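Once you have looked at the hints, place chain Y on chain B.
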Amino acid sequence: MSDHSIMTEGGVPEVAPRHYEVTPHPDMEGEILEVAMGPHHPSTHGVFRMDVALEGERVVKLKPVFGYLHRNHEKIAEGASYLSSMPYTDRLDYFCSLTNNWAYALAVEKLAGLSVPERAEYIRIITAELTRLVNHTCLVGFLLMDMGALGTPLMYAFREREKVLDLFESLTGARMMCNYMRFGGCRVDLPPGWLDQARRVVADYPGFLDEFENLLSSNEILLARTQGVGNIGADLAVSSALSGPILRAAGVNYDLRKVDRYGIYDRFDFRVPLGETGDVFDRYMIRILEMRESLKILRQALADIPEGPIIDPKAKIRGFRPKPGESYGRIEAPKGELGFYLISDGSPNPYRYRVRPPSFINLTTLEDTCLGQTIADVVVILGSVDIVLGEVDR
Amino acid sequence: MLGKGIIKGMAETARNFIGSYTDESRLTTVEYPEERLPQHENARQFPFLVYDGEAPMAGLRCVACQICEKECPPKCIYIVKDKAKKPDFVGKAQFQPATFDIDISVCMSCQICVEVCPFDAIKMDTEFELSHHDRFGALLLDKHQLAKSNDYYRRIHPSEAGAIDQRREEEVKKAEEKAKAAAAAAAAKAAAAKEGAGTSGDAGAADAKGTST
Chain B
0 MSDHSIMTEG
10 GVPEVAPRHY
20 EVTPHPDMEG
30 EILEVAMGPH
40 HPSTHGVFRM
50 DVALEGERVV
60 KLKPVFGYLH
70 RNHEKIAEGA
80 SYLSSMPYTD
90 RLDYFCSLTN
100 NWAYALAVEK
110 LAGLSVPERA
120 EYIRIITAEL
130 TRLVNHTCLV
140 GFLLMDMGAL
150 GTPLMYAFRE
160 REKVLDLFES
170 LTGARMMCNY
180 MRFGGCRVDL
190 PPGWLDQARR
200 VVADYPGFLD
210 EFENLLSSNE
220 ILLARTQGVG
230 NIGADLAVSS
240 ALSGPILRAA
250 GVNYDLRKVD
260 RYGIYDRFDF
270 RVPLGETGDV
280 FDRYMIRILE
290 MRESLKILRQ
300 ALADIPEGPI
310 IDPKAKIRGF
320 RPKPGESYGR
330 IEAPKGELGF
340 YLISDGSPNP
350 YRYRVRPPSF
360 INLTTLEDTC
370 LGQTIADVVV
380 ILGSVDIVLG
390 EVDR
Chain Y
0 MLGKGIIKGM
10 AETARNFIGS
20 YTDESRLTTV
30 EYPEERLPQH
40 ENARQFPFLV
50 YDGEAPMAGL
60 RCVACQICEK
70 ECPPKCIYIV
80 KDKAKKPDFV
90 GKAQFQPATF
100 DIDISVCMSC
110 QICVEVCPFD
120 AIKMDTEFEL
130 SHHDRFGALL
140 LDKHQLAKSN
150 DYYRRIHPSE
160 AGAIDQRREE
170 EVKKAEEKAK
180 AAAAAAAAKA
190 AAAKEGAGTS
200 GDAGAADAKG
210 TST
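Chains as they are written, first to last, in numbering that gives the first Met the number 0: chain B, 0 to 393; chain Y, 0 to 212.
By construction, these hints were calculated from the structure, which means they are not laboratory data. Quantities reported herein were computed from a predicted structural model and do not represent experimental measurements. There could be a bad hint or two in this list.
Unchecked claim - Quick list of in silico lysine-lysine cross-link-like pairs, DSS-like style, CA-CA up to 30 Å:
#1 Y:Lys147 <-> B:Lys315
#2 Y:Lys80 <-> B:Lys315
#3 Y:Lys147 <-> Y:Lys91
Unchecked claim - Here are some of the chain Y residues that sit facing chain B, going by a computed Cβ distance under 8 Å:
#4 Lys7
#5 Gly8
#6 Glu11
#7 Thr12
#8 Thr27
#9 Asn41
#10 Ala42
#11 Pro72
#12 Gln110
#13 Ile111
#14 Glu114
C-beta: ideal position from N, C-alpha, C; glycine also.
Only chain Y is shown next, with the shape it has when bound in the complex:
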């Protein structure tokens, strides 16, 4: 019968229409600004810089190694190295960025910078309501705007941040042990030097060589 297929189709649309009043799964949209879907933990929008502790600039994890700048596919990261160094989380003196800009009007949210960063310094934010009247200036974020605390990172990506925190704690522990061992060695060396000062210098020198490696 001609028209049978059309009637079958109409029945299907009618079922969907009536279903939208009775079946929750037929209602597929949300009223966005008032109603929001929860974000996925993996969600990514634009990068931000992680800092530890209270002071954003002192605790910045970034050491201005410029790997992300080189690897960034659309080249939206701009870094200038500062001449002054600051201690990092294990106390080692590291470089820091004098300028760290990301042009998020160019950024394509690919997460390559996060992957290549060896210092866990740059991570993806989940903030997406960033529209602005100013087309250029407001979307060019400097390091002060980009810096966000580790607590924030832990809040938006809990499992990822947890793993990183654990690894860093271990590194701190290892560094402390190393420092302790170095201090002990230095003390032993000093003692040996004092002991051997009057008699023979050879034994002290050999001892120092052994501990320093």
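Isolated chain B, as found in the complex:
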């Protein structure tokens, strides 16, 4: 007998433990079917598995299984200098590296007591809002792909995303892994002509959004697949600590850009769109509306950006040791509240480094939302939560 067999010492074959104890409905004919959706299911947004128990086509139990993309981010960060963790934050939510950078920089700035020059604040807001555009555009594309619109919306989304990524590349040197923000400012100044190019992209974007909405918002198939599917009420959303568009779709007015007013968000005039029912359609619509509000912020920021230094002169690249203490920096990332909690013991490495990832916490209501829905809707609901496994697993 080979060493690999699952035999116990007594020679009795060990029965593989069942995942669920689900009692079938008394009227039901047939039996409960367990399906492992993932980890390589094309519509699970990465390596994410849902162990689903089905009664016919209805979901009676759902267990999310993740960790396939675990990279030990937090522990690595505790063994590395503060600056060395910055490129790793790019890889959390790899669609929104600039907002990840910002949240981490914010936490370290609080810890070390650094201030950020005005121009750097503007650059941060411009890049963060561009990131929000990228994220929401792609998310809508992926959501439609989950509903079976193979290609067209996603390709349109990627076409627009490419224009923003081009801006990121000319500014930071990389399209996705930007590694741009530094403690006390930004790494490099805007290259010549960048602002004009950004203004052009921002001016063209509403046209694309109109086109996108023409294509989608009144499409009967999209309405049938999304309205009344996967409702999350305000109570559940608040008690589960959800954040971001998924919380606002439930009608809860909570946006850190308005609540915390971190950076210089208090200078800009924008509104926070809210949903009513918290179904998938609301979540879709909230993202479209948020993009329009982001464009408003971008227009104001691109008009007002001042000249000046881009980094605090006190900020040190080598030998950076914040004094002992703790800090929590949080921002409204495109997916929700992204927070970094740091404890410093005065050494060059953080003593504790903790990430509060929005997509991970937004996933916690997945079972509540999916129970009683059909298996086809589970895919749509997961798509509307907007997860990136790099951030869920860390």
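What follows is chain Y alone, placed relative to chain B:
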């Protein structure tokens, strides 16, 4: 009317399809290997070592201080200090690397090494077509493969390299002035020593102390 939204969507795709024949901006892709987009000046792929002058190993700016090795997030840089020193661009004796390896299969192109380097010795390359059949050996670059001339650096990142060259020129000038001043002081000291050799040694010693600081 049921289906109105779908027809509206179809009209949108049709406009995009027909537009791709008439409107340049609708054509968003390029035929990559034959057709290339220009690289951005800030573009970064993998690090390389800058050398001045003609001989790569003699002109290497790296002084093997190992800061980049310590700061590298994925720890893909491996440096061994050479015991022998060589003069740097201002003529000061500095260490040099006996081994300087970068494993670009591990490197994540984050540019931290470039930022922490106090000697402007390591910079980011824009070369990206580096695929290879050999998975390990060919992607582990040693200092001979990594060394690229300052002219090359100036070509790929003109404004950045220009600023660094200017700063280094100023440093050279300052060093020359300092050397000149030191030579003059030494000459004065020698003269003073000769003058005061017969009479009093105190004045010469005091003079030397004044100039040497």
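- request: Determine which of the earlier numbered hints do not hold for this structure and return their numbers in increasing order.
  value: none
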